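My request is simple: use the sequences and hints to build the entire structure.
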Amino acid sequence: MAASRSLAGATEIQQESGEPNPGDETMSDAPAKYIPDPDGRNADFYRHLAAGVLHLQACDDCARVLHPPRFLCPGCGSDALVFQPSAGKGRIFSWTLTHRPVDPAWAAEGLPYATVIVEMEEGVRLVAGWRGSRDALRLDAPVRAEIEPAGDAFGFLYFRPAGEEG
84 MAASRSLAGA TEIQQESGEP NPGDETMSDA PAKYIPDPDG RNADFYRHLA AGVLHLQACD
144 DCARVLHPPR FLCPGCGSDA LVFQPSAGKG RIFSWTLTHR PVDPAWAAEG LPYATVIVEM
204 EEGVRLVAGW RGSRDALRLD APVRAEIEPA GDAFGFLYFR PAGEEG
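For the sequence shown, the numbering used here assigns the number 84 to the initial residue and increments by one for each residue that follows.
Please keep in mind that the hints were generated in silico from the structure rather than gathered at the bench. As the structure is a computational prediction, the values presented were derived from the model and not from experiment. Cβ atoms here follow ideal geometry from the backbone N, Cα and C, with glycine treated the same way. Be aware that one or more of the hints could be misleading.
Unchecked claim - Here are the in silico distance ranges between beta carbons for each label pair: (1) GLY123 - GLU247: 32 to 38 Å; (2) GLU202 - ASP122: 22 to 28 Å; (3) ASP144 - GLY193: 42 to 48 Å; (4) CYS159 - GLY193: 41 to 47 Å; (5) SER216 - ASN125: 28 to 34 Å; (6) THR181 - ASN125: 18 to 24 Å.
So this is what it looks like as structure tokens:
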């Protein structure tokens, strides 16, 4: 590879063969959605989403449901925490519309897009994407979870109106 100077003075790396560098994209290439690599207790939550099922962490000693996942129960201090399947039902607590995404790949779904905070039947609140019309965004509207697996270790969580098919 050889370095060259552009008119702006920045150094550019080029292969000696003149071929584009691996990973170079053209402006017409659609950006791919960033897929996080969760770790710690979050890894367990997202591994369940990758399997297509929403699980929430709960304390085996006091039955408190927790989110985000933790190492100790904030109610009783126990470390007897397990992930249990959720019915995936809740109500819209709040939402926001994004007009200028940080990651351009999210613009492919259309702008503006909505992000919702849903209060689950289990009592915890989850932040997720919205898969319904913006007209259906109402405080306290009933919703259901929808999961889009993205590999073995991650899944995207979305919500849509409870009566709407997806």
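The hints, checked one at a time:
1. GLY123 - GLU247: 32 to 38 Å: holds, 34 Å
2. GLU202 - ASP122: 22 to 28 Å: holds, 27 Å
3. ASP144 - GLY193: 42 to 48 Å: holds, 45 Å
4. CYS159 - GLY193: 41 to 47 Å: holds, 45 Å
5. SER216 - ASN125: 28 to 34 Å: Roughly 30 Å apart at Cβ, these two residues keep to the hinted range, so it holds.
6. THR181 - ASN125: 18 to 24 Å: Holds - the Cβ-Cβ distance for THR181 and ASN125, about 22 Å, lies within 18 to 24 Å.
Of the hints listed earlier, there is not a single one the structure fails to meet.
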